[in-house]
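**Q** Using our numbering, you'd call the opening residue of the sequence shown number 149 and step up by one each time.
Please keep in mind that the hints were generated in silico from the structure rather than gathered at the bench. Possibly wrong hints are sitting among the right ones.
Straight line, CA to CA, 30 Å or less: simulated DSSO-like cross-link-like pairs of lysine-lysine [as the list claims (entries may be wrong)]:
1) LYS213 to LYS178
2) LYS422 to LYS178
3) LYS424 to LYS168
4) LYS382 to LYS424
5) LYS173 to LYS242
6) LYS382 to LYS261
7) LYS234 to LYS321
8) LYS234 to LYS168
9) LYS168 to LYS409
10) LYS231 to LYS243
11) LYS173 to LYS213
12) LYS406 to LYS424
13) LYS385 to LYS321
14) LYS168 to LYS385
15) LYS241 to LYS406
16) LYS382 to LYS259
17) LYS261 to LYS406
18) LYS241 to LYS261
19) LYS242 to LYS321
20) LYS168 to LYS213
21) LYS321 to LYS241
22) LYS200 to LYS261
23) LYS200 to LYS382
24) LYS213 to LYS234
25) LYS213 to LYS406
26) LYS173 to LYS424
27) LYS243 to LYS168
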Amino acid sequence: MKLFEFFKRKKTIPEGLWTKCPQCKELLYKPDVEDNLWVCPECGYHFRIDAKTRIDITLDPEGRKPLFTEVQPTDPLGFEDLKPYKQRLEEAKKKSTADEAIIFYEGTIYKRKAVVGAMDFNFIGGSMGSVVGERFFRACRYCADNGIPLIVFTASGGARMQESILSLMQMAKTTFAVGLLRERAIPYIVVLTDPTMGGVSASFAFLGDIIVAEPGARIGFAGARVIEQTIKQKLPKGFQTAEFLLEKGLIDNVVHRKDLKVFLRDMLDMLYYKAKEWNLKGENAPS
């Protein structure tokens, strides 16, 4: 075979089969990473995953159904920066697996009924706008009315600037919504994933009865660089990581992705399903 023909041969290896771990820099075979729940098999780095994948690995495959899909974004302000907001929304829908920055599904976790919400950072940075706030509010009301625990996975850069004051209003709205669950003693569990920042962390992300995080997740309000420039001080090592927050008592636990489904099952039992059985029998919960 001539040298020229050798280099002209069609590639036999499909593209997109390999990815590089941002933490250990190892070259990884993508199907292996996917089988490992998008966790690096070499160093344990947790890759960001989209909302639909999050639902798939959390809920049992049977009997789940989407909720509140009728709530869709509009552009009441006619906002335009480098491009119209409506165009950004269409591009975001094509880029992500979700139709907004949060999706909700009703289903079961090891046959325990739950409503699970998952935020998608691929959808305009997981930013909280009117639809995120409205869907979250409806989820809280639905769970309160039907006696179903609510679990939410957060992943957000904060409020959505294209909706201005309308997005900031969602902080108060979602905070009020959590109160609907507390009035009925319905568990609300939050799993903080990378990243959880801004208006989401300052509202419903830190209102859970149980608050846990995935390893290495970046969690905070403003970015570390902004804080350092404001206070004129160097921040501690590991500041705004899940492990740092656990050490300081701001969250309840750091849970590996492979252990999350079992952990959530146990929390649902402890806070609700087994607790109802103990109350009916007049027994105390095991210590």
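**Q** What hints, given by number in increasing order, does this structure fail?
**A** Violated hints (numbers, rising): 2, 3, 4, 6, 8, 11, 13, 16, 20, 23 and 26; every other hint is consistent with the structure.
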